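The whole structure should be built from the sequences, with the hints applied where relevant.
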Amino acid sequence: MRSTVCEELGDDAVHAGASLGLGPVVASPAMDAGQALADLTEISAQIESAVLADHEGSVVASTLSDEDAAKSFAEAAAELLSAADDVRTEPGSEPLVQVEGAAYDGSVFVAKDDRHLVAAVTKPRPTVGLVFYDLKTCLRMLEREEEAKAAKATKTATRRRTTKKKTEEADDESA
Amino acid sequence: MRARSALGLLAAGTALAGAIVFVRTKSAVEREHVDVYFADGSMVSLEPGSTDGDRLLPLARRAIAAARG
Chain G
1 MRSTVCEELG
11 DDAVHAGASL
21 GLGPVVASPA
31 MDAGQALADL
41 TEISAQIESA
51 VLADHEGSVV
61 ASTLSDEDAA
71 KSFAEAAAEL
81 LSAADDVRTE
91 PGSEPLVQVE
101 GAAYDGSVFV
111 AKDDRHLVAA
121 VTKPRPTVGL
131 VFYDLKTCLR
141 MLEREEEAKA
151 AKATKTATRR
161 RTTKKKTEEA
171 DDESA
Chain F
1 MRARSALGLL
11 AAGTALAGAI
21 VFVRTKSAVE
31 REHVDVYFAD
41 GSMVSLEPGS
51 TDGDRLLPLA
61 RRAIAAARG
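Just so you know, the sequences run in chain order G and F. For reference, each letter of the first sequence is one residue, going 1 to 175 in the numbering used here. For reference, each letter of the second sequence is one residue, going 1 to 69 in the numbering used here.
Rather than coming from a laboratory, the hints here were simulated on the basis of the structure. Remember, it's a predicted structure, so these values are computed and weren't measured experimentally. All C-beta atoms, glycine included, are put in the ideal place defined by N, C-alpha and C. There could be a bad hint or two in this list.
Label-pair restraints from in silico Cβ distances [claimed, not checked]:
#1 G/Lys166 to F/Gly69: 35 to 45 Å
#2 F/Arg68 to G/Glu90: 31 to 41 Å
#3 F/Pro48 to G/Glu90: 19 to 29 Å
#4 F/Val21 to G/Ser82: 31 to 41 Å
#5 G/Asp113 to F/Val21: 37 to 47 Å
#6 F/Pro48 to G/Thr127: 16 to 26 Å
From chain F, some residues computed to sit far from chain G (all C-beta separations above 10 Å) [as the list claims (entries may be wrong)]:
#7 Ala6
#8 Gly8
#9 Thr14
See the structure below:
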């Protein structure tokens, strides 16, 4: 069983202070994608803006107020990820998990899981490891939220089926 | 006399080491690059001038520009 996000952040010396202040917010199971991104920019002072999208670049959530900018950013991040996938094409090579592009005026970071990608832009000379850690934490939070939602939906469906069955049985008995 | 020359030598050595560290750090930080990380923990660093670097750097610059509007 995995530890909670707060426990993981607490283990990290650099993030310990941030996690103490944001612990209850970060660990909330009811957190949505937008909240996950807001927390991401809050705990990582290096991140200017971030976007959460699917692998094709369709925006799920963004910290950018301009929707067009968010769309362009998500598409560019998806394209960067897709292009980086071609760096290793040998059969049996490990899949790509994250990319950092460093330019003179800033850096772009893209990390992905099975369903989503999260991209962030920072000022020049960021602490690479910490930014990637924060992006992965964001993806983990989202994954956890989706798992919780799926579990809740399954539970509700099972309860409905049970109630329906009981009603049918009661109807049969009365008839 | 001997102590003074030893001190001078030490100062010169420290200055040289400092200059080397400064130049190396500056050149490493200011170089554009794209680092690609894989699931097994390996990483490929692509510099401008390489085929993949020249292909990926414009995309990285475009993503940064898009995020900044």
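> Hint by hint, which ones does the structure fall short of?
Replying inline: Structure breaks hint 1 only.
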